[in-house]
Amino acid sequence: MSSEQDHLKETDTEARFEFKKEERSAVKSDKGLTEEVVRLISEDKDEPEWMLERRLRALKQYQNMPMPTDWPGQPDLTELDIEEIVPYIRPDVDKREGVDDWTELPDEIKDTFDKLGIPEAEKNALSGVGAQYESEVVYQNMQEQWEEKGVIFMNMDRAVQEHPEIVKEHFMTTCVPPSDNKFAALHGAVWSGGSFVYVPEGVTVNMPVQAYFRMNSEGMGQFEHTLIVAEEGSEVHYIEGCSAPKYGTHNLHSGGVEVFVGEDAHVQYSTVQNWSKNTFNLNTKRAIVEANGTMEWVSGSMGSKATMLYPCSILKGRGATDTHITIAFAGEGQDIDTGAKVYHNAPETSSTIESKSISKDGGRTNYRGLVHIADGAENSSTAVECDALMFDNESTSDTMPYMEIEESKVDVAHEATVGKIGDEDIFYLQSRGLDDDDAKKMIVAGFIEPITEELPIEYAVELNRLIELEMEGSLG
1 MSSEQDHLKE
11 TDTEARFEFK
21 KEERSAVKSD
31 KGLTEEVVRL
41 ISEDKDEPEW
51 MLERRLRALK
61 QYQNMPMPTD
71 WPGQPDLTEL
81 DIEEIVPYIR
91 PDVDKREGVD
101 DWTELPDEIK
111 DTFDKLGIPE
121 AEKNALSGVG
131 AQYESEVVYQ
141 NMQEQWEEKG
151 VIFMNMDRAV
161 QEHPEIVKEH
171 FMTTCVPPSD
181 NKFAALHGAV
191 WSGGSFVYVP
201 EGVTVNMPVQ
211 AYFRMNSEGM
221 GQFEHTLIVA
231 EEGSEVHYIE
241 GCSAPKYGTH
251 NLHSGGVEVF
261 VGEDAHVQYS
271 TVQNWSKNTF
281 NLNTKRAIVE
291 ANGTMEWVSG
301 SMGSKATMLY
311 PCSILKGRGA
321 TDTHITIAFA
331 GEGQDIDTGA
341 KVYHNAPETS
351 STIESKSISK
361 DGGRTNYRGL
371 VHIADGAENS
381 STAVECDALM
391 FDNESTSDTM
401 PYMEIEESKV
411 DVAHEATVGK
421 IGDEDIFYLQ
431 SRGLDDDDAK
441 KMIVAGFIEP
451 ITEELPIEYA
461 VELNRLIELE
471 MEGSLG
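For the sequence shown, the UniProt record's numbering begins at 1 and goes up steadily by one.
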């Protein structure tokens, strides 16, 4: 094992994520969602009129849409009170557009991301890094070699100002319109920060681009927006990390992700989310994939009180391909509802969905998925595999697949397994010298390996450490 991996393995993961900083804000909105709050956000960002108009339209849609309460088995959202959430906090930093020199950050913000390992990862394995603190990106940097090839990586606030035509065309128009659901409308009204990635035709970015989102203040909402446009024949891997410390009141994370995959392009979107157990994690993520394009979603979700996360791909062009790989972990008082949606709207498209879930101490995991194969999407194929592992009799795991097949010339498969860690497996590993705790950790590590092998080593090690942390206190 390399010295870098040794360092990551020995890191005190709990200390890295659970620390808190005193809130220091330059601008802080009132609680709740009103037109005055929306106008304050837009004015503070000096946005063009067209973006303010989009925000106000989304606000009206939000106000006219009901909360989702009628889904079978959905997480309980009754404790989430939007009127008690602060939707916008601009941290007190000198440069509104974010600095590109780590040393220029205020000490408390720099220390936050130092603890999370962001500068170290940038030096070792990344082509570009963005770091968001509260409602705004405070640091953004892209290696010069990619900028010279026309790759753009900046925060969304800057993109609105500097690349308005690209943003106007793609921002919450065809991919994630505010009308999609109540939280998409909420996001459209109060979004702030996030990442803008543009990869020109034929360019391959062979080192990942990373963004990290940190909520520090109690009772706030974070609404970052990520927009990725990969032109024909291009390739990029975008990695997202998220975390928040524990507080006594609820926080809300409601991000939006839009990915446009051109012909013969390839995009991988990986995320490891470790929100605190008072956070409601309610996102809308979607990709539109053109002919022979490939979209990969790799997601690890844990820590939140309730998660509803279903990345969606619309396979628009012939030969488009989609892969979803997900790991969810639920402990006491947690309801992690994850899955995937795929729309096959063209012939010879293919999709693969692989879901792994772990529940303990009465926690609940659920796979909720939709595969739609349209009439005329002949010779398309889909395969769905859902595996659930439980530690005890109090924990639960459900699988809710839904398939709409309108074309007869297709190949469709679904498989699901649910089980507990077996005594015979533990006994076998103990006979090889492992104690009970280490035996269970090894079984879980093997169970999630299909997920971790899709991540860069830094994130694979981190995901394993986070799951070990979640398991502490439940073993034995």
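Please note that a few of the clues may not be correct.
List time: in silico DSS-like cross-link candidates among lysine-lysine, alpha-carbon distance up to 27 angstroms [what the hints assert, rightly or not]:
(1) Lys168 x Lys149
(2) Lys409 x Lys441
(3) Lys316 x Lys168
(4) Lys182 x Lys168
(5) Lys28 x Lys149
(6) Lys277 x Lys168
(7) Lys31 x Lys277
(8) Lys441 x Lys277
(9) Lys409 x Lys440
(10) Lys149 x Lys182
(11) Lys28 x Lys60
(12) Lys316 x Lys440
(13) Lys440 x Lys277
(14) Lys182 x Lys277
(15) Lys31 x Lys149
(16) Lys277 x Lys60
(17) Lys182 x Lys60
(18) Lys28 x Lys420
Okay, the calculated beta carbon distance ranges per label pair [stated by the list, open to error]:
(19) Thr174 x Pro450: 55 to 61 angstroms
(20) Asp437 x Asn64: 49 to 55 angstroms
(21) Pro177 x Pro72: 41 to 47 angstroms
(22) Ser381 x Gly419: 23 to 29 angstroms
(23) Thr174 x Asn64: 19 to 25 angstroms
Don't read these hints as lab results, they were simulated from the structure. If you're wondering where the values come from, they're calculated on a predicted model, not measured in any experiment. Beta carbons: idealized from backbone N, C-alpha and C, even for Gly.
Which earlier hints turn out false for this structure, listed by number in ascending order?
-> Going through the list in order, the structure violates hints 2, 5, 6, 9, 10, 12, 15, 16, 18, 19, 21 and respects the others.
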